[in-house]
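> Listed below are the residues making up each chain.
There are 4 protein chains.
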Amino acid sequence: MNTMYFTEEHQLFRKSLQEFLNKEVVPHINKWENDGHIERFIWKKMGSMGFFGINYPEAYGGLDLDLFYTVILLEELQKINSGGFAAAIWAHCYLAMTHLNAQGSQQIKEHYLTPSITGHKIGCLCITEPFGGSDVAGMRTTAVKSGDHYIINGSKTFITNGVTSDYLVVAAKTKPELGNKGISMFVIDRASAGITATKLDKLGWRASDTGEIAFDNVKIPETHLLGEENKGFPYIMQHFSLERLIMGVNAHARAEYALEYALQYMSERMAFGKTIDKFQALRHTLADLYTDMEICKTFNYAIAYRLNKGEYVVKEATMSKLKSTKMADEVIYQCLQFLGGYGYIEDYPMARLLRDSRLGPIGGGTSEILREILAKIIIDKKEYKPAT
Amino acid sequence: MNTMYFTEEHQLFRKSLQEFLNKEVVPHINKWENDGHIERFIWKKMGSMGFFGINYPEAYGGLDLDLFYTVILLEELQKINSGGFAAAIWAHCYLAMTHLNAQGSQQIKEHYLTPSITGHKIGCLCITEPFGGSDVAGMRTTAVKSGDHYIINGSKTFITNGVTSDYLVVAAKTKPELGNKGISMFVIDRASAGITATKLDKLGWRASDTGEIAFDNVKIPETHLLGEENKGFPYIMQHFSLERLIMGVNAHARAEYALEYALQYMSERMAFGKTIDKFQALRHTLADLYTDMEICKTFNYAIAYRLNKGEYVVKEATMSKLKSTKMADEVIYQCLQFLGGYGYIEDYPMARLLRDSRLGPIGGGTSEILREILAKIIIDKKEYKPAT
Amino acid sequence: MNTMYFTEEHQLFRKSLQEFLNKEVVPHINKWENDGHIERFIWKKMGSMGFFGINYPEAYGGLDLDLFYTVILLEELQKINSGGFAAAIWAHCYLAMTHLNAQGSQQIKEHYLTPSITGHKIGCLCITEPFGGSDVAGMRTTAVKSGDHYIINGSKTFITNGVTSDYLVVAAKTKPELGNKGISMFVIDRASAGITATKLDKLGWRASDTGEIAFDNVKIPETHLLGEENKGFPYIMQHFSLERLIMGVNAHARAEYALEYALQYMSERMAFGKTIDKFQALRHTLADLYTDMEICKTFNYAIAYRLNKGEYVVKEATMSKLKSTKMADEVIYQCLQFLGGYGYIEDYPMARLLRDSRLGPIGGGTSEILREILAKIIIDKKEYKPAT
Amino acid sequence: MNTMYFTEEHQLFRKSLQEFLNKEVVPHINKWENDGHIERFIWKKMGSMGFFGINYPEAYGGLDLDLFYTVILLEELQKINSGGFAAAIWAHCYLAMTHLNAQGSQQIKEHYLTPSITGHKIGCLCITEPFGGSDVAGMRTTAVKSGDHYIINGSKTFITNGVTSDYLVVAAKTKPELGNKGISMFVIDRASAGITATKLDKLGWRASDTGEIAFDNVKIPETHLLGEENKGFPYIMQHFSLERLIMGVNAHARAEYALEYALQYMSERMAFGKTIDKFQALRHTLADLYTDMEICKTFNYAIAYRLNKGEYVVKEATMSKLKSTKMADEVIYQCLQFLGGYGYIEDYPMARLLRDSRLGPIGGGTSEILREILAKIIIDKKEYKPAT
Ligand SMILES: Cc1cc2nc3c(=O)[nH]c(=O)nc-3n(C[C@H](O)[C@H](O)[C@H](O)COP(=O)(O)OP(=O)(O)OC[C@H]3O[C@@H](n4cnc5c(N)ncnc54)[C@H](O)[C@@H]3O)c2cc1C
Ligand SMILES: Cc1cc2nc3c(=O)[nH]c(=O)nc-3n(C[C@H](O)[C@H](O)[C@H](O)COP(=O)(O)OP(=O)(O)OC[C@H]3O[C@@H](n4cnc5c(N)ncnc54)[C@H](O)[C@@H]3O)c2cc1C
Ligand SMILES: Cc1cc2nc3c(=O)[nH]c(=O)nc-3n(C[C@H](O)[C@H](O)[C@H](O)COP(=O)(O)OP(=O)(O)OC[C@H]3O[C@@H](n4cnc5c(N)ncnc54)[C@H](O)[C@@H]3O)c2cc1C
Ligand SMILES: Cc1cc2nc3c(=O)[nH]c(=O)nc-3n(C[C@H](O)[C@H](O)[C@H](O)COP(=O)(O)OP(=O)(O)OC[C@H]3O[C@@H](n4cnc5c(N)ncnc54)[C@H](O)[C@@H]3O)c2cc1C
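Chains H, R, C and P, in that order, give the protein sequences. Once you know that position 235 of the first sequence is 235 in the UniProt record's numbering, the rest is easy, because the numbers rise by one and skip nothing. Once you know that position 288 of the second sequence is 288 in the UniProt record's numbering, the rest is easy, because the numbers rise by one and skip nothing. Once you know that position 215 of the third sequence is 215 in the UniProt record's numbering, the rest is easy, because the numbers rise by one and skip nothing. Once you know that position 91 of the fourth sequence is 91 in the UniProt record's numbering, the rest is easy, because the numbers rise by one and skip nothing.
Be aware that a few hints might be false.
Copies of the same chain look alike in the list, so a pair counts if it works inside one copy or between any two.
[Stated by the list, open to error] The calculated lysine-lysine pairs, modelled on DSBU-like cross-linking and capped at a C-alpha distance of 35 Å, are: (1) 315 with 278; (2) 45 with 278; (3) 382 with 274; (4) 199 with 326; (5) 315 with 31; (6) 385 with 274; (7) 45 with 219; (8) 376 with 326; (9) 79 with 326; (10) 31 with 376; (11) 44 with 15; (12) 15 with 278; (13) 145 with 278; (14) 274 with 376; (15) 326 with 385; (16) 79 with 309.
Source of the hints: derived by calculation from the structure; they are not laboratory data.
Full structure from sequences and hints, please.
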């Protein structure tokens with residue numbers, strides 16, 4: 001499979017990344033999972049290794065590599081079994097930074113994108129609000145122009161890196177009366193007066209901080225508007241393709257991790273006088289699940305290839321997330337079962353995996369919202385176009 | 001439905017139990033879930049209310065009520081959303097105490113069963129071992145007769161109430177060379193020298209302590225043998241019917257709880273200008289899941305009715321656990337989804353429910369083992385007979 | 001299980017019915033399946049045996065037996081593997097005759113119900129129309145009062161026994177402007193001028209004739225109105241409970257038939273040196289499916305018991321049909337698989353079973369419509385009340 | 001998607017093929033489906049158009065085109081909704097002819113392959129026997145060398161084109177004592193004395209003839225051995241990759257056909273005052289199914305690409321058939337449902353599609369056998385190597 005998309009350079013990158021993660025990250029994972037907090041030093045280390053800049057312009061310190069380097073980064077982050085650590089990284093790199101890179105002015109990029117690449121600044125992306133995540137157009141946060149500033153009021157919730165990030169990329173209504181045609185994007189410095197954030201206690205992604213954030217008359221310079229006013233909705237939609245594909249790739253990677261772990265476990269665990277990988281019922285289930293994973297992986301790679309070429313793959317990325325996240329949940333549910341009682345124990349990987357994986361069909365657009373989008377494309381022949 | 005099996009007395013019992021739980025238990029649940037420990041006082045309170053004796057003989061302080069009182073107890077325990085608290089209670093009442101009551105001598109009953117009913121002593125049932133849970137006959141723990149004592153050596157794991165219980169009902173081999181024909185049951189006092197226990201960190205059932213236990217030359221009086229020597233396996237198998245039905249009932253009850261909570265939530269949560277219980281796709285899913293739950297519930301009641309009449313329902317109880325636990329996992333998975341991001345937050349009930357429910361297809365015989373049993377009954381026409 | 005609902009008399013009835021079917025019906029089934037036509041003589045034979053009158057009043061020649069005799073009749077009809085023959089019988093007995101018995105005048109009953117019981121007259125129930133089956137209220141057939149007659153115009157389709165029946169129980173609008181509040185029921189003699197019918201070519205139920213019927217100024221006496229004018233919709237809804245439970249019972253019975261056949265086949269068919277019922281993957285699948293069937297059966301019996309007692313089980317009967325028909329389709333799909341290539345051959349029972357079973361989730365209210373009804377009951381707390 | 005694999009030439013080919021099929025084939029389909037027989041003239045017409053030679057060498061009259069032409073041929077054959085017609089064609093082109101081309105001598109190729117390409121001779125591939133299809137190594141047909149001839153005895157069943165073909169590619173044991181190491185392949189002329197064949201009555205694929213064949217001392221020249229003696233098993237296994245991918249491609253294509261038909265139907269059918277494609281529950285189901293189909297299609301194309309490059313894709317082709325055929329069955333089951341009662345009528349496409357599609361998980365290796373193979377590859381790390 002790999003030879004279709006992955007060159008030798010890709011493989012070298014994967015290997016060095018694996019070594020880095022095993023040496024620098026894995027020893028801390030349990031601590032971070034327990035504390036619900038990832039220490040700052042690792043951000044800087046990863047930044048200094050260039051991992052945050054792989055698909056960003058060299059002008060801002062990036063490496064400008066193709067999308068399959070990102071795929072590798074995502075896959076390997078899943079395979080150290082901390083959905084929360086992975087989320088913290090990719091929410092920074094691919095939610096917050098994507099907006100900076102695409103719509104930020106040169107000044108904004110120098111101020112936020114460059115230190116994001118080096119790991120000195122951490123970002124987050126704030127779209128969801130307490131009264132509604134699915135209905136993006138229904139958001140209530142406002143940004144009112146006042147002289148050369150905007151005043152932000154409102155609240156956001158479920159924000160990854162929401163408590164610890166240094167800046168926030170925030171969607172707010174500049175023309176509330178226009179619904180989704182009145183949304184704009186801003187970058188807001190954490191230091192701004194009027195921001196408070198509290199941490200949420202979650203089923204999984206426990207190493208990642210997920211915050212509820214209140215903006216109380218937060219005053220920001222007008223230069224912190226990203227792109228054009230009232231174009232926020234198309235920007236968000238456009239970047240969703242990448243986000244959804246990312247979540248699809250994450251899903252196939254953690255499913256693969258679960259399957260490989262289960263395979264190993266089953267080749268060692270004995271019951272009724274044989275290793276349990278000799279029981280036909282388990283063998284067939286495993287063959288089925290492995291196949292489901294391989295098919296999603298192949299699909300996701302094909303979509304990554306097309307996205308990398310510049311195609312607008314909103315339909316396919318939506319499909320990728322919808323199916324890969326469900327597949328991952330099912331694979332992990334069953335791999336936990338393969339471990340019997342040990343599957344239920346937190347010292348073994350499946351318990352955390354199950355908790356972490358369950359976010360897949362919720363975050364970044366629930367499965368129901370994805371089906372809505374697909375129904376519009378497939379049934380109503382709606383055409384989604386890139387923001388211009 | 002209820003009128004078919006539940007009398008007015010049953011309903012009164014249910015109501016007073018609900019009141020008790022809401023007043024005495026619910027305020028402590030979060031603490032116990034966090035601490036991984038249930039405080040002693042509640043055992044005594046529940047004992048003094050008679051809840052532990054509902055289906056035990058009056059001679060030992062019980063109430064000798066029909067099985068539908070037990071069904072009510074189980075159902076209501078699920079509906080306060082602590083699988084761990086519920087498990088602690090029913091493992092005591094229906095795993096440990098069932099063996100005492102069925103095979104214990106009068107002396108043993110007076111010494112262990114009576115205080116178990118009053119809540120002064122807590123029990124546990126130790127069958128599973130680190131090297132094998134499914135393959136009961138493969139257990140390695142031994143009990144060697146030496147004068148008027150037995151010497152117990154070996155280890156057990158995944159034992160509910162394994163660390164905090166006052167006595168342990170333990171399966172051990174008295175004739176290892178005979179496989180499942182050489183197993184005997186014992187009651188062992190926690191105070192006996194040579195017992196050590198450590199607590200396991202689990203995905204769910206967090207209020208319940210699950211222990212790994214080592215027996216190092218534990219000396220117990222021969223009178224602590226339960227029933228006859230070498231009859232342990234048939235005893236275990238016989239009591240599995242009740243255990244499996246219990247786990248089936250638990251499953252339909254927690255699914256019902258999840259559905260009722262989701263119904264309420266969905267009638268209040270707005271998206272796109274309406275409450276989300278107006279979206280047809282969600283409505284149909286909910287109708288489907290509710291139906292699955294109702295069908296399992298009806299089945300479980302019918303089996304309880306037959307078990308209560310004294311029928312040997314090994315096939316049906318196996319079916320009950322196999323399907324109800326899977327149904328519950330699926331219902332809860334989807335109810336969590338109905339809550340969107342809030343489903344993922346531990347302050348809302350679904351996260352814990354998902355974690356707790358996942359034990360269903362593992363404990364008390366994995367789904368695979370249940371299918372093995374059913375295949376033997378249905379395909380090979382094997383007849384399971386009660387131990388005599 | 002059976003002892004809960006079935007007495008010795010029931011069992012004797014079942015046995016004699018089985019003998020009758022094997023002797024009088026089975027030898028003709030293949031012919032009728034090929035011809036798409038059931039010969040008249042068998043109707044008379046079955047009538048003379050009393051099979052059509054088991055739950056009808058003695059006054060009209062019936063036997064007035066409890067609903068479990070009907071359950072037995074339905075089950076045994078499924079087990080001779082002609083969904084079409086079974087449908088012809090139960091559409092006559094439980095669709096057409098139910099309306100006659102419940103809403104017909106004494107005169108109508110003497111003229112139509114009595115010969116229906118003896119098998120001299122065959123009935124059908126005409127609700128569905130070419131432009132809409134699910135939306136009953138949207139029907140277009142009209143009945144216009146003119147003196148002491150009604151004039152019927154319109155068309156019906158998918159009508160079981162639609163071409164060969166002697167009379168038709170027909171829903172038509174007497175007040176079209178009132179939607180479902182303007183529907184009335186009529187019995188129409190086949191001999192009436194202006195009726196034409198053509199037969200449809202179907203995937204399954206091939207022994208049964210399914211007709212498209214046109215009413216062109218059909219003039220019928222006003223006495224052929226069943227019950228009150230404009231009460232047709234509540235009548236239909238009320239009788240749906242029985243119809244849906246019937247379809248649920250049919251489903252569990254044909255699933256059981258498929259499973260029993262597969263069990264036998266698998267105990268004889270060899271592959272890789274053993275009978276295929278030794279392969280664990282097949283064994284587990286079979287155990288799972290058998291369990292699904294048993295659970296539906298237990299549910300259906302419980303609902304039959306309550307319906308027999310006079311409870312209004314619209315929710316439960318809807319659940320019965322929704323889940324049992326899906327279960328049957330899945331069981332049969334997989335049982336066909338167990339036969340390998342032979343499953344695909346019409347000389348073996350699974351091919352026809354698959355074709356016949358597929359009607360389950362469509363006829364008598366599609367699964368989607370059933371979910372709509374359940375959603376209204378469960379989510380909107382809508383109460384369906386019996387017609388008064 | 002297409003642009004990744006399909007050039008403009010491919011698209012032109014597809015268009016001209018579609019026109020051919022619509023003009024020359026479609027008008028006869030219903031007749032052939034009813035008669036269970038495909039008339040000879042169409043074989044010759046298709047041969048003269050070059051369709052049978054697209055991936056065969058020019059030396060024998062072929063066009064030597066890449067595998068995506070074959071993919072197009074397969075896809076378009078599915079989209080005229082006669083699984084039987086399609087099967088007759090591809091069993092000829094890709095089961096029988098693949099063996100001739102790969103292992104036939106030049107003389108055999110001239111005598112059989114060339115007229116197969118022109119459509120003057122029709123072939124079939126005979127592996128399955130009445131006593132075992134899955135267990136290929138257990139076959140009982142023998143080929144005994146006698147001078148410069150072989151004498152063939154035994155029987156085969158379920159053979160596509162088994163009654164009407166002009167030659168038969170047959171697996172038989174030359175060294176029965178060696179199991180799968182003693183199988184050889186032969187081409188046998190229909191005219192040979194001692195061959196009898198009878199036609200089977202099937203659930204679907206009704207236009208295709210499926211035959212049971214008896215070989216009674218059939219004498220064939222030794223030159224009709226294909227390849228080397230006792231290498232039949234590896235030859236069969238090797239060619240299975242193509243066969244299984246073909247069946248995967250067929251499956252995604254017929255699923256796509258079903259979905260497109262349903263989309264069209266649903267955009268026209270009214271219920272409750274709107275077109276049924278406005279009901280969210282149906283929309284979401286359709287979006288899900290469409291996605292399943294797209295993902296399988298993308299996977300199948302990726303595997304075709306690799307097979308075309310000469311990779312040995314036994315694992316991937318097995319995955320393709322396993323999942324695509326199940327997906328197709330599920331898609332078609334549900335698309336039939338979308339049509340309501342019309343789905344059950346043979347004049348509408350879904351009934352036949354359902355019947356035809358059901359063969360997918362049986363023919364060319366049952367799903368269970370595919371899981372066996374995958375389990376060996378994934379769990380036991382077995383490596384399948386091409387025959388040398
Ligand atoms: C751990 C975590 C991290 C997150 N990180 C971020 C982040 O970094 N930034 C950010 O902006 N957001 C983030 N989110 C929020 C996430 O994107 C939202 O939770 C999600 O979009 C759903 O929104 P909601 O929770 O408000 O659910 P709701 O919108 O309230 O949905 C409730 C239910 O209704 C369903 N529903 C809604 N509308 C329809 C409809 N039309 N038809 C059918 N069903 C419908 C939904 O599918 C869901 O099942 C995060 C969430 C979590 C849990
Ligand atoms: C929270 C918790 C509480 C528990 N409480 C108790 C308790 O109070 N007392 C007690 O004695 N035990 C208890 N258990 C143990 C429980 O009963 C076992 O975990 C269970 O029986 C499985 O055993 P195992 O973990 O050794 O799995 P294994 O036996 O190692 O099984 C591993 C996997 O192999 C499968 N498998 C095994 N044999 C076969 C076969 N022949 N065919 C196909 N598949 C097979 C299993 O289904 C499983 O998927 C508890 C477990 C947990 C997690
Ligand atoms: C063999 C056979 C025998 C039959 N016998 C009889 C008989 O004896 N008497 C009789 O009166 N009828 C009979 N029927 C008709 C049967 O009851 C109808 O086919 C059925 O009710 C569906 O109606 P329809 O075919 O018009 O489908 P439609 O109503 O056109 O439905 C098409 C699709 O849309 C879906 N749909 C419709 N409304 C909604 C909604 N609101 N939300 C979501 N999805 C929706 C449906 O579920 C279905 O999937 C028979 C049908 C068959 C095939
Ligand atoms: C319409 C049609 C066309 C066909 N065309 C051809 C053709 O052109 N040429 C040809 O040679 N053959 C053909 N076949 C035959 C087809 O390949 C076989 O039917 C198929 O391989 C299964 O073999 P069987 O029918 O003997 O089933 P069996 O081998 O008897 O299998 C019965 C059941 O047992 C299961 N089973 C078997 N072994 C195992 C195991 N180890 N573990 C678990 N489950 C197992 C199977 O999966 C199946 O469910 C055709 C079949 C049909 C129906």
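> For the identical chains here, do residue 15 and residue 278 meet the 35 Å Cα criterion within one copy, between copies, both, or neither?
within (32 Å within a copy, 45 Å between copies)
> Pop the pair residue 326 and residue 385 into one bin, within, between, both or neither, using alpha-carbon distances up to 35 Å.
Answer is both; intra-copy 27 Å and inter-copy 34 Å each pass.
> Please sort residue 31 with residue 376 into within, between, both or neither, judging by C-alpha distance up to 35 Å.
Neither: 44 Å inside a chain and 39 Å across chains, both beyond 35 Å.
> Cα distance capped at 35 Å. Does residue 376 pair with residue 326 within a copy, between copies, both, or neither?
both (21 Å within a copy, 26 Å between copies)
> What label fits residue 79 with residue 309 when the C-alpha limit is 35 Å: within, between, both, or neither?
For residue 79 and residue 309, the Cα distance is within 35 Å both inside one copy (27 Å) and across copies (31 Å).
> When Cα atoms must be at most 35 Å apart, do residue 145 and residue 278 count as within-copy, between-copy, both, or neither?
Close neither inside one copy (68 Å) nor across copies (37 Å); limit 35 Å.
> My question is about residue 45 and residue 278: at a cut-off of 35 Å on alpha-carbon distance, are they close within one copy, between copies, both, or neither?
For residue 45 and residue 278, the Cα distance exceeds 35 Å both inside one copy (44 Å) and across copies (49 Å).
> I want to check one pair: residue 45 and residue 219. Are their C-alpha atoms no more than 35 Å apart within a copy, between two copies, both, or neither?
within (33 Å within a copy, 57 Å between copies)
> Checking an output row: residue 385 and residue 274, CA cutoff 35 Å. Within, between, both or neither?
between (57 Å within a copy, 28 Å between copies)
> Given a CA cutoff of 35 Å, do residue 199 and residue 326 count as a within-copy pair, a between-copy pair, both, or neither?
Both, since 27 Å and 33 Å are each at most 35 Å.
> Can you give me the call for residue 44 and residue 15, within, between, both or neither, at a CA distance of at most 35 Å?
within (20 Å within a copy, 57 Å between copies)
> Is it within, between, both, or neither for residue 315 and residue 278, if the alpha carbons may be no more than 35 Å apart?
Cα proximity of residue 315 and residue 278: across copies only (20 Å, versus 41 Å in one copy).
In summary, the structure is inconsistent with hints 2, 5, 10, 13 from the numbered list given earlier, while agreeing with the others.
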